[in-house]
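Visitor: Could you slot chain V onto chain Y? The hints should help.
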Amino acid sequence: MKNELKDVLNITFSAPEPKKKQMFLKNLRPSEISTLEMLCRQAGYIRGTVWIFAAAVIVFVLFGSWKQLPDTQELVPEIMPFLAAVSVLENRRSRKYGMIELEMVTRFSFKSVLFARMLIPGITCLVILAVASPVIAMAFGGETLLTAMHMLIPYLVTMSICLQVERSPLGRRLEYGSLAASALISVLMIWIKNYAAALVNGYAEMIRDWGVLIVLILAMVTAFEQWRTLNSTEEPAWNYQ
Amino acid sequence: MELSVDRLSKQYKNKIAVDRVTFRLSEGVTGLLGANGAGKTTLMRMMTGILTPDSGKITADGIAVQTEEYRSLLGYLPQDFGYYPEFTAREFIQYIAALKGLEKKHARKKTDDLLEVVGLSDVANKKIKTFSGGMKQRVGIAQAIVNDPRILILDEPTAGLDPKERVRFRNLIAEIGKNTIVLFSTHIVSDIDSIAGNLLMMRDGQIIYDGSWNKEQGDLEQFYMKEFE
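Here the protein sequences line up with chains Y and V, keeping their order.
For the first sequence, counting from 1, position 76 maps to 76 in my numbering; every step adds exactly one.
For the second sequence, counting from 1, position 111 maps to 111 in my numbering; every step adds exactly one.
Chain Y with its partners taken away, still in its complex shape (with noise of 0.2 Å):
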C-alpha cells in the first residue's frame, strides 16, 4: 500500500527540476594534490638527459672501483661540472619553448616548477654523492667525506656560476651557455692536474683543513643564487620577448 502511495504521489507531484545545477557541480571543486605531490610528479617531466647522465656517472663510479681502475677517483669530480649543467639547463625549457605564460598562471605557478626542477635533480646529485663517495673511499683508500667534498666542490662552483649565466642576457641568448661553462671548469681542473702540481697538494691541504666550511660556504652560495633565479621569474618573465 505505501508503496503504491508513493507511485501515485511520484505520478502527481513530479520533482521539481534542479535549479542552478550546472553551477553547484562547478563549485565542488575536485580534490587537488599537495605541494609533495606535484613536486614528485614534476621527478617524472624531468628531462632524460638528467637521468642517463645520473646513472652514467654512478655506472662509471661501480665499474671503476670495482676494476680498480686508476683513474676513476680523479675522473669522477672532473665529471661533476656537467651534472651541474645538465641540472641548470633544465631550468631553461620553459623560456626555451614558450611555457612560460601557461606555467605562470596555474595554481602550482612557474616559480614551483622551476623550484622543482632545481631541487629534483639536487636530491639526484646527493643520490650520487651518497652512493660514490663510500664506494670510492672503499676501493682506493681514503674518508668518505673528503671524498665527498672533492666531489661536492666542483659540483657547487660550476652550479653557482651556470646559474649567473642562465640569469645574464647573454647567457639568455646562448642556448649551450652553461655547458661552456662546466667544460671550462672541467678542463681547468684537468690542466691543473697535469700541470700545476703545488696546486693540486695545497688544493688537497685546503680540502682537507677547511673543507667542510669551503662546502658550506659554496652551498650558501648556491642557495643564494638558486634564490635569486627563482625571484627572476616573475614580472622579467614578460620583458625577454
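What the hints contain is simulated information worked out from the structure, not anything from laboratory work.
Careful: at least some of the hints might be erroneous.
Within a straight-line C-alpha distance of at most 25 Å, the following computed SDA-like cross-link-like pairs (lysine to any residue) qualify [what the hints assert, rightly or not]:
1) V:K127 x Y:T49
2) V:K13 x Y:P169
3) Y:K111 x Y:S14
Over the 12 Å line for every Cβ pair with chain V, so calculated as not near, a few chain Y residues [stated by the list, open to error]:
4) A130
5) A197
6) G202
7) V215
Residues from chain V that face chain Y, not an exhaustive set, calculated with beta carbons under 7 Å [stated by the list, open to error]:
8) T48
9) I50
10) I63
11) A64
12) E68
13) L74
14) P78
15) F81
16) Y84
17) A98
18) K100
19) G101
20) K105
We put the beta carbon where it would ideally sit given N, CA and C, even for glycine.
Guide: Using the frame of chain Y, we list chain V on its own:
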C-alpha cells in the same frame, strides 16, 4: 562570482599600455574588442597575474589576483603558447592539469573528456609538433578549461582556426559562458557578435565602451569600425 578590475594601469617606458581601466565582469561571455596594440593583451596578462600592474587592483569575489586561490579559479589561453616538443596532446593536457593541482585519476578522465570535446581523441597520442595550427589551438583550449575554471581568459583564441572550427569553438565558449566568467579578446567582430552578452572596447589603453550590445543598437561591426576610424 564577480571579477573586479579597478583603476588598472600599466606603462612600458614611454608608452601607457593600459590607462586607468575599471570594469566588472560576471558570469557570461564578455567580448574584448580592440585593434592591435590597443592594450588587450597587457590587460589580460595583468588579469591572469602574469604582469604586475603599476597601479590598480584585480579581485574575484575579494580574492586578489596574486593568490594561489585566484589562480586555481583561472583558465587562460594566451595568444601564442608553446609546448614541450616531446609532449603528445594527452601528455600536454595532463601536465597542465598536474600544475593546476588536479588529482591524477581525475586529470586523466578530464583529459579524455576534453580531447573528445575538442575533437582530438583520435590523435591524442600524437606529438603536438605534428599538429596543424588549428589543432594546436584546440589543445590550447582544452588545457585552458581542464580545471573547470570560474574565470576563463582567452586571448585571440580563434586565430588559426578554420571557419568550421570557429563555429564549433564559439558554441563551446557560449556553453562554458553559461556559468563562467569568460573574457574573449579579438579584433574580429564576428567572433563575438553572437555569443557575447557584454562588450568592452579598448583604444589606446582605455575602455571606450562597456556594456551590453543588442541588435536594436545597430550593427556592431559598423559601430566598431566607426570607433576605430
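Visitor: If a hint holds in the structure, say so; if it doesn't, say that too.
Guide: The hints, checked one at a time:
A threshold of 25 Å between alpha carbons decides the hint, and for K127 (chain V) with T49 (chain Y) the separation of about 19 Å falls inside it, so the pair holds. For the proposed pair K13 (chain V) and P169 (chain Y), the alpha carbon gap of about 19 Å is at most 25 Å, so the pair holds. Straight-line distance between C-alpha atoms of K111 (chain Y) and S14 (chain Y) comes to about 53 Å, which puts the hinted pair past the 25 Å bound. Distance check for A130 (chain Y) against chain V: the nearest CB is about 29 Å away, which clears 12 Å, and the non-interface claim stands.
Interface exclusion of A197 (chain Y) from chain V stands, the closest Cβ pair being 47 Å apart, more than 12 Å. Every beta carbon of chain V lies more than 12 Å from that of G202 (chain Y), the smallest distance being close to 46 Å; the non-interface claim holds. For V215 (chain Y), the shortest C-beta to C-beta distance to chain V comes to about 34 Å, beyond the 12 Å cut-off, and the non-interface label holds. Contact between T48 (chain V) and chain Y, as hinted, is supported at the beta carbon level, the nearest pair being about 5 Å apart and thus within 7 Å.
The beta carbon of I50 (chain V) is positioned within 7 Å of a beta carbon in chain Y (closest approach about 5 Å), and the interface hint is therefore held. Because the smallest distance between the Cβ of I63 (chain V) and any Cβ of chain Y comes to about 13 Å, over 7 Å, the interface hint for this residue is violated. For A64 (chain V), the shortest C-beta to C-beta distance to chain Y is roughly 14 Å, which exceeds 7 Å, and the interface hint is violated. Nearest Cβ of chain Y to the Cβ of E68 (chain V): about 6 Å, under the 7 Å cut. The hint holds.
Against a cut-off of 7 Å between C-beta atoms, the interface hint on L74 (chain V) holds, since the closest Cβ of chain Y lies about 6 Å away. Given hint, P78 (chain V) at the interface with chain Y, holds; its Cβ is 5 Å from that chain's nearest Cβ, closer than 7 Å. Because the closest C-beta pair between F81 (chain V) and chain Y is about 6 Å apart, less than 7 Å, the hint holds. Here the hint on Y84 (chain V) is kept, as its CB sits about 5 Å from the closest CB of chain Y, short of 7 Å.
Residue-level restraint check for A98 (chain V) holds (minimum Cβ-Cβ distance to chain Y is 5 Å; threshold 7 Å). Of the supplied interface hints, the one on K100 (chain V) holds, with its beta-carbon coming within about 5 Å of a beta-carbon of chain Y, less than 7 Å. Evaluation of the G101 (chain V) hint against chain Y yields a held restraint, the C-beta minimum of about 4 Å falling below 7 Å. Because the smallest distance between the Cβ of K105 (chain V) and any Cβ of chain Y comes to about 9 Å, over 7 Å, the interface hint for this residue is violated.
Against the hints set out earlier in the document, violations occur for numbers 3, 10, 11 and 20.
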